[in-house]
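S.K.: Sequence:
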Amino acid sequence: MMKNITIGQYIPGDTSIHNMDPRIKILLTLLIITILFFITNFIGYVVFSIFLALIVYISKVPFKLLLRGLRPLLVIIIFTVVLNAFMTQGEVIFRFWAIKVTKEGLILAGLMGLRLVFLITGASILTLTTSPIALTDGIEKLLNPFKKIGVPAHELAMMMTIALRFIPTLLEETDKIMKAQMARGADFETGNLINRAKAMVPLLVPLFISAFRRAEELALAMEARCYRGGENRTRMKQLKITRLDYVGIAVAIAFCAAIVGSRYV
Numbered sequence: 026m027m028k029n030i031t032i033g034q035y036i037p038g039d040t041s042i043h044n045m046d047p048r049i050k051i052l053l054t055l056l057i058i059t060i061l062f063f064i065t066n067f068i069g070y071v072v073f074s075i076f077l078a079l080i081v082y083i084s085k086v087p088f089k090l091l092l093r094g095l096r097p098l099l100v101i102i103i104f105t106v107v108l109n110a111f112m113t114q115g116e117v118i119f120r121f122w123a124i125k126v127t128k129e130g131l132i133l134a135g136l137m138g139l140r141l142v143f144l145i146t147g148a149s150i151l152t153l154t155t156s157p158i159a160l161t162d163g164i165e166k167l168l169n170p171f172k173k174i175g176v177p178a179h180e181l182a183m184m185m186t187i188a189l190r191f192i193p194t195l196l197e198e199t200d201k202i203m204k205a206q207m208a209r210g211a212d213f214e215t216g217n218l219i220n221r222a223k224a225m226v227p228l229l230v231p232l233f234i235s236a237f238r239r240a241e242e243l244a245l246a247m248e249a250r251c252y253r254g255g256e257n258r259t260r261m262k263q264l265k266i267t268r269l270d271y272v273g274i275a276v277a278i279a280f281c282a283a284i285v286g287s288r289y290v
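The letter at position 102 of the sequence shown is residue 127 when you use the numbering used here, and the numbering goes up by one with no holes.
Hints listed in this document are in silico derivations from the structure and should not be mistaken for laboratory results.
Zero decoy hints are in this set.
Straight-line distance between alpha carbons at most 27 Å, and here's what the computed DSS-like set of lysine-lysine pairs gives: (1) 173 <-> 262; (2) 262 <-> 172; (3) 223 <-> 201.
Turn these sequences into a full structure, and let the hints guide you.
M.R.: As C-alpha cells, then:
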C-alpha cells in the first residue's frame, strides 16, 4: 500500500516535458486543474483525455506507475462516485427502500470519478517529471513578486519542496515499521475499521521519532553546507523560458480553448 504513493517521486528523463521550465509546468498544471471544473459534457472529457494521454506519451512516464498512484485514493474516488449516484435527483432507474439511483446520478458519478482521476494524474505528472531542485526554483521564482508585501518566497518554496520530497521517505519508513511490528505479532489486516485504526496507533510514536530525527539530520547537513536561506544564493542552472515552453503553452491553450468551447456544443 505504501509503495503505491507516487506523489513526491521523480523519474529522471530527457523528454520535452522534463526539459520544460518548471515555472511553466507549475502554471500549466494549475491551468489544467482549473479547466477541469469547466467541463460539463462528454465531449469536454474526451478532449481532456486526449490532451492528458498526449502528455503521458511525451513524458514517457510508465502508465502502470500512474495507475499505482491512484490505488491509495481509490476509496475516495469510489465514495465520491457512490455519493453522486445516490444523492442526485432525476429519473429513477433503481429503488431499494429509501435508496434510489437515478440516470442523472449515474452520469454525474461517472464524470466526477473521471474528474478526480484526471486531477490526480495531472498533479502526479508534475512531480514525476520535475526534480525537487527545479521545483523549488520554479516555486520561488513565481513567489518572488510577493516579496514586496513581506512573503518569504525562498523559505516557502523550500518548505513545500522538502515536504513533498519527504512523503515517499516517510511512507517507506512507515512500511518498515509496520513490517517490523507484524514480525512481532502485530495485526494490521484483520478486524473491522475501528480495530484497524486502533492497531495503527502504535505506529505513530516511532514514526514521529523517525520524522524528527530526519528533520534534525537535514538541518545539520544544511548548516554544515553554510546554508543561509535565499540571500545572495547563486544557481548552477538559471531558469530560462525557451521555444519549447512557448510550444507547450500554445498546445495547452489550444486544448483549453477546445474544452471551454465544448460547453456550447
